[in-house]
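Engineer: For the sequence shown, UniProt numbering assigns the number 1 to the initial residue and increments by one for each residue that follows.
These aren't lab readings, by the way, just hints derived from the structure by calculation.
We put the CB at the ideal spot given by N, CA and C, even for glycine.
Some hints here could point you the wrong way.
What the hints assert, rightly or not - Pairwise CB distance ranges, derived in the manner of DEER restraints:
id, residue 1, residue 2, range
1, G167, Q122, 17 to 27 Å
2, G39, G167, 39 to 49 Å
3, G167, G67, 32 to 42 Å
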Amino acid sequence: MAADGKRVCVGVVGAPHGVRGEVRIKSYTAEPLDIAAYGPLTTENGRTVEIQTARFAKTVVIAALKGVTDRNAVEALKNQRLYVDRDRMPAPDEDEWYHADLIGLEVRDTGGETVGTVATVQDFGGGDLLEIRLKGTPRTVFAPFTRAVVPTVDVAAGFLTIDPPEGLFDQETGPSDEEEDRNAQ
Numbered sequence: 001m002a003a004d005g006k007r008v009c010v011g012v013v014g015a016p017h018g019v020r021g022e023v024r025i026k027s028y029t030a031e032p033l034d035i036a037a038y039g040p041l042t043t044e045n046g047r048t049v050e051i052q053t054a055r056f057a058k059t060v061v062i063a064a065l066k067g068v069t070d071r072n073a074v075e076a077l078k079n080q081r082l083y084v085d086r087d088r089m090p091a092p093d094e095d096e097w098y099h100a101d102l103i104g105l106e107v108r109d110t111g112g113e114t115v116g117t118v119a120t121v122q123d124f125g126g127g128d129l130l131e132i133r134l135k136g137t138p139r140t141v142f143a144p145f146t147r148a149v150v151p152t153v154d155v156a157a158g159f160l161t162i163d164p165p166e167g168l169f170d171q172e173t174g175p176s177d178e179e180e181d182r183n184a185q
């Protein structure tokens, strides 16, 4: 494991491809085939897998994994996330960050007040969103990860600054008490 204990998720195992043990992998790397260049990968349950051959097909990488020779062996890996130690990844460019480096950062407003922490980074198709767990509550909100909304990211210091869109922290995550009462009738 990486010296700092951080791993980066580089993909997820999908369905089998054929009957000879090939697997579909949804790659999260900038260039999908780069997933094969990191050497052995680790699944979320601790198993080490090594990509022997890989080719790109439409939206996934079709790969042969060392020691995986049939469809049943692939089924055992299905939906497992694939990780590489953070220290084996190339350094990101200026103003770029790995999602793993953002998770856990303290979130401060432009006045310097802590409002929460980064719980996850998601992309539902419209660009990266920071899921922020608000301080003192289990509630989370999503904020666009843009320079306008997040003007400062200081991974070394452990925080980022957010200039939230109006009302972001005022949103309710579920129905109001009045709506729940109406729905119960």
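Engineer: None of the hints should be skipped; say for each whether it holds.
Structural biologist: Hint-by-hint comparison with the structure:
no.: 1; hint: G167 x Q122: 17 to 27 Å; result: holds (20 Å)
no.: 2; hint: G39 x G167: 39 to 49 Å; result: holds (46 Å)
no.: 3; hint: G167 x G67: 32 to 42 Å; result: violated (53 Å)
This entry does not satisfy hint 3, going by the numbered hints stated previously; all others are met.
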